[in-house]
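Residue numbers (the working numbering), protein chains in the order written: chain A, 1 to 321; chain B, 322 to 842; chain C, 843 to 1205.
Any given hint could turn out to be false.
[As the list claims (entries may be wrong)] As a list, the in silico EDC-like pairs of lysine to aspartate or glutamate whose alpha-carbon atoms are at most 16 Å apart:
#	chain 1	residue 1	chain 2	residue 2
1	B	532	B	587
2	B	354	B	550
3	C	845	B	685
4	A	319	B	405
5	B	520	B	567
6	C	977	B	600
7	A	232	A	123
8	B	520	B	550
[Claimed, not checked] Calculated from the model, a selection of chain B residues having no Cβ within reach of chain C, i.e. all distances over 10 Å:
#	residue
9	393
10	412
11	616
[As the list claims (entries may be wrong)] Derived, one-sided and incomplete: chain A residues facing chain B with beta-carbon distance under 10 Å:
#	residue
12	11
13	12
14	14
15	15
16	175
17	182
18	185
19	194
20	197
For the record, the hints were derived by calculation from the structure and aren't laboratory data.
Remember, predicted model here, so these are calculated numbers, not experimental data.
Just so it is clear, CB atoms sit at the ideal spot from N, CA and C, and this is done for glycine as well.
As a plain string of letters, each chain reads:
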Amino acid sequence: MDFLTLIELLDSTVRSATPLLLACLAGLYSERAGIFDIGLEGKMLAAAFFSAAIAFMTGSAWLGLLAGIGASLVLSVIHGLASINYRGNQLISGVAINFLAAGMTVLVAEDWFSEGGRTPSLEGSARFGPIKLPFADQIADTPVVGPIYAGLLSGHSVLVYVAFAMVPVTWWVLYRSRFGLRLRAVGEAPEAVDTAGVSVIRLRYSAVIICGVLCGVAGAYLATGLQANFTKDMTANRGFIALAALIFAKWRPWYALAACLLFGFLFAIETRFQNIALFGVPLPLQLVQALPYILTVVILAGFVGKAIPPRAGGEAYVKER
Amino acid sequence: MQGGKEKGRQDTAAPAIELRGISKAFGAVQANKDISISVQPGTIHGIIGENGAGKSTLMSILYGFYKADAGEIFIRGKKVQIPDSQAAIATGIGMVFQHFKLVDNFTVLENVILGAEGGALLRPSLAKARKILTELEREYELHVDPDALISEIGVGKQQRVEILKALYRQADILILDEPTGVLTPAEADQLFRILDRLKAEGKTIILITHKLREIMEATDTVSVMRRGEMTATVKTAETSPEELAELMVGRKVLLRVDKAPAKPGDKILEVENLRVVDDKGVARLKGVSLDVCAGEILGIAGVAGNGQSELLEVLGGMLGATGTIRVNGQPLPLAGKGADGRARRAAGIAHVPEDRQRKGLIMDFMAWENMAFGYHHDAAYQSNSVLMDNGAIQRETAAKMERFDVRPPAPRLFARNFSGGNQQKIVVAREIERNPDVLLVGQPTRGVDIGAIEFIHRQLIALRDAGKAILLVSVELDEIMSLSDRIAVMFDGQVMGERLPHETNETELGLLMAGIRGEAA
Amino acid sequence: MQKMPAWADAILVPLISLLLAALLSGLVIIGIGEDPIAAFKLMVDGALMRSAGWGYTLYYATNFMFTGLAVAVAFHARMFNIGGEGQAMLGGLGVALACLYVPWPHWSLAILGSCLAAMLFGAAWALIPAWLQAKRGSHIVITTIMFNFIAASLLNYLLVNVLRPQGAMDPATAKFPEPTHLPTFRDMFSTSETILFRGSPANVSFFFAVLACVLVWLLIWRTRLGYDIRAFGHSEPAAQYAGISPVRITVVALLISGALAGLMAVNTTQGEAERLILNSTEGAGFIGIAVALMGRSHPLGVFLAAILFGFLYQGGAELALWTNIPRELIVVIQALVILFTGALDNMVRMPLERLFLSLRREG
């Protein structure tokens, strides 16, 4: 594999990792606050559809992004209602949200566009186009540094940069701000937060809403950045893989970045190389496609070390009698 | 959130706290009925009552944890609304709960500032808090390392963190709910010294407890609660433990258990060099050896968390260990196959576990299903090789409920719908009626009303007199002293020593519980 | 003190949840410019008013009984098996192998063989997630979702590269031999004068599904294993106290669950398609979740909920055929049922409990 192919592969890794990273950080906020969320997938899917649909109608990717975030937030609030107010089973709520998104997106797509559950192709300003970093053209020919800068770092859509910037931002919020302290506390010991005079409900809703916003951005990136339209079930389990990455990262932002890049790399391999041979034996395409899912299982199996989730995760907070 | 509150007590005549006509119901249960109380500033006021008498509910209302259905609250003569803990803190009330409300993987400092950070950025808040904490420590002798993780300090220190949290929020009314449950007698004494010091500084303290001794030693005035009602408020100096006990229960109670001297027989249960290391690599049992004879109750005294729970779990087959256990001379496997609860029952060990709601019962099972719990493989409970004979279990349950006076005697009622005492009677009935050779009993009367306590104690004595070996674990020293024929004290996973109840006293046991061996040892 | 009579808990709560889901689905239909009343009438006409409609309704209901029971058994052990889809796919593989490679003399023997194969394959596919959950604490929800995908990839590979007959275009096995074909309702119930269930796929496996409901009921409430499963599901520490092995129960409950999900393939693969095709499960594994939640994990409830969803599924197909309402409507309804009967259960329950409490106080 020559250097330029490697750069292309890594470039593709960054693109594939972006929605995973956004979803993973979304899950991080939610789970750190003690709300399990397997509805990341559905929120992304809803956001993908509504961002593509609105972007197509208005011709503005930014309006599309807003619509995507809005759709994701609606689902977030449902999840909040179920898991915070009504002490429902958070897994079941997440599953319901995934199905709701899967059904509603196709239903509405059919009603609006009649194109078999997809949106028309997006063009021009309806998509988030690549941003060329300064001097990218000038130094593109410099050996090593040039391709890395121009080919790998430059030329992504703004949402990619947002996603990667969210990693240090999340770290700072979590460990350096009052909100982060309370967020971490409410996922570990909500009773401590409550008796300290801070509203558990408000904190958990904040987390769920941040989660919704980030899933919204992830979905919008899928449909208006990575691809140029919405297609049925286009999230393709990224929400679940993001959760696995989150567990792998043990709920820490920088590790989440690493885990998502690893999964992004697998996706990049899958899209770039249809035929891979291992020790001279060609791997079936289906096996290559299944690799990210197999890796997810391996990671969850804890062959990479035991992960201890936030202690109050998955349980509604009830004042004890 | 700090600062905005007026300090000082201009009107010294006004009580620090006054509650008028507080009522609170949970569903159909009336937890507090028309309660009025008045506490003078700068005093320690005790609230005593049985489990479920409504003490904690009342204080939770004062702390804004629950909303009262009716009634008024006055703080320093001023009527206040306390809709949430935030409001309670703002009026200068601090609370130390029975179960600490701390974040285990946070430092002491982080726990102290949580909710009272005083700014959006953590670093300046932590720096400011560190200074205040140092002052508070000096002022009240509340020493803790501000950078230690909560999970790494002992319960005594954790309790200090809770007090510091309240003081950091400038509380001048401090409520402590059953503060000594997890402390050694020495640590408890230290706590009461701190409370005296706080009182001297003009703070008002409410002490909730079910231990008469603490009330007599530490308080200025005391209120007694029974079944959600306030039955009396008296000056501590003008009352006696006997009078308080009668007020608590509503009738005369025997504070001692009637029993004949034990006639110990052969060694039934022999334990040698039992060792347990938990999954964090911490040694929980460090070579425990003891014997229990037929017709004898061996009481294990100790502060919670010193290995008693692990001892019961190993004997009951819930936890693996190394060492030797023999029942009637037969060694039992300690790990792997044949070391589970079912095998232990087959070997003649019955077990009334410490935590009946999480372990001893399935709360969502009906009483009859619970009556077979753990014994559901018994041949008597099967119709044939495939199906169970539910009818037989129900008939047997009805008979046992009758004998053990379980109320209501309804086999088809779910376990969660019985009171604590009746739940415990179901467990005790199930285990005792098996006629085991060895009975393990953990905290038999925790959360149980006095009537049921007397009943359960009588059952244990009767089983002893029938020649069975009983191992009793309790954190209630009174219970150990009155029931046991022999007392072993555990500290830090070891047996510190054995004593005979009539040859020892609470002071000596207390020292052993704190890990200090006197000359006598 | 019980808050609510048992009948209200078992019937009223799910019924109100169902009405809420129906109401919202109606709004969705209005939202896409269709008439919900007309749509409902069309669904009833298409699914219930003709014997052929019933033939489809019961065919789908058969699938949902198996997958609903699968989810319900796992629920009793407090586990969420989302992997019914993958387990059913593997069950299909088992059925196909049994039908293709064993020379069965008669369908009555063939169905026993294919049931066994379906159960074995379905259970095998649940084994790894079960073992990982029991031994390593890997979250069963995510692992089973991943296994659904891995199953799809595996089946895709096998159908394209291994099992496809030479010269055939579509990724499917060869047609199963004649003696394995199961009698349909038409074969069973038509008389010489009147032909019933014309063209509909309901077949003898429906009765196996009903039998499975009865057997699961016996298993859960009348056997020691069922007692162990329920005890473990309610409280793991208590199960350990009683000497019930958490590892054993986790694995056994999920194996039973996987086997039940796998059984669904007897209906689809042997009963209807008579060969194994890609995506033969059509999401029935997921509908099992809604069915189990609605049926309160009780086999009788699962039976009724499965028939309800069979009706919805067949009615939804009619809608897609005659109106502009896509089949995905059924996914939305399924989501709403899961949401209301599962996650937002307390939204219905809490006001009801208050109502019953105040009724009792007055009465």
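Against the structure, the hints come out as follows:
no., hint, verdict
1, B:532 <-> B:587, "violated, 37 Å"
2, B:354 <-> B:550, "holds, 5 Å"
3, C:845 <-> B:685, "holds, 14 Å"
4, A:319 <-> B:405, "holds, 12 Å"
5, B:520 <-> B:567, "violated, 29 Å"
6, C:977 <-> B:600, "holds, 14 Å"
7, A:232 <-> A:123, "violated, 19 Å"
8, B:520 <-> B:550, "violated, 27 Å"
9, 393, "holds, 25 Å"
10, 412, "holds, 31 Å"
11, 616, "holds, 27 Å"
12, 11, "violated, 37 Å"
13, 12, "violated, 38 Å"
14, 14, "violated, 32 Å"
15, 15, "violated, 35 Å"
16, 175, "holds, 8 Å"
17, 182, "holds, 7 Å"
18, 185, "holds, 5 Å"
19, 194, "holds, 6 Å"
20, 197, "holds, 4 Å"
In the structure shown, a violation is registered for the earlier hints numbered 1, 5, 7, 8, 12, 13, 14 and 15, in ascending order.
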